[in-house]
Amino acid sequence: MDCLEHDITINPDAYQPEQAEHFWVSAIGIAKALRCLGVRYKQTKGGSRKKICIVLKASRIKQ
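Using this note's numbering, the first residue of the sequence shown is number 2, and each one after it goes up by one.
Derived by calculation from the structure, the hints in this document are not laboratory data.
Hints may be right or wrong, so weigh each one.
As the list claims (entries may be wrong) - Under the rule of at most 20 Å between Cα atoms (straight-line distance), these lysine to aspartate or glutamate pairs were calculated in the EDC-like manner:
| # | residue 1 | residue 2 |
| --- | --- | --- |
| 1 | 33 | 3 |
| 2 | 33 | 14 |
| 3 | 33 | 19 |
| 4 | 33 | 6 |
Just so it is clear, the structure is predicted and the values come from calculations on it, not from any experiment.
Using the sequences and the accompanying hints, generate a full structural model.
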């Protein structure tokens, strides 16, 4: 999971299938991992394809 978080910060514009190919997993696996991490993507009107909104869960905040 830490590798995925690092990859998101390095390459935030990557689509889920691109991330799946990078980690040699399925796109569904990436989607489930992102959901567990609390990562949400929102579309932007400007230059970037999307903006990342990381929603921290209460269990992760207590660490």
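Taking the hints in turn, this is what the structure says about them:
A hinted pair counts as satisfied when its Cα atoms are at most 20 Å apart, and residue 33 with residue 3 qualifies at roughly 14 Å. Our distance criterion of 20 Å between C-alpha atoms is met by residue 33 and residue 14, whose separation comes to about 18 Å. With a CA separation close to 15 Å, the supplied pair residue 33 and residue 19 stays within the 20 Å bound. Distance restraint check for residue 33 and residue 6: the Cα-Cα separation of roughly 13 Å lies within the 20 Å cut-off, and the hinted pair is therefore satisfied.
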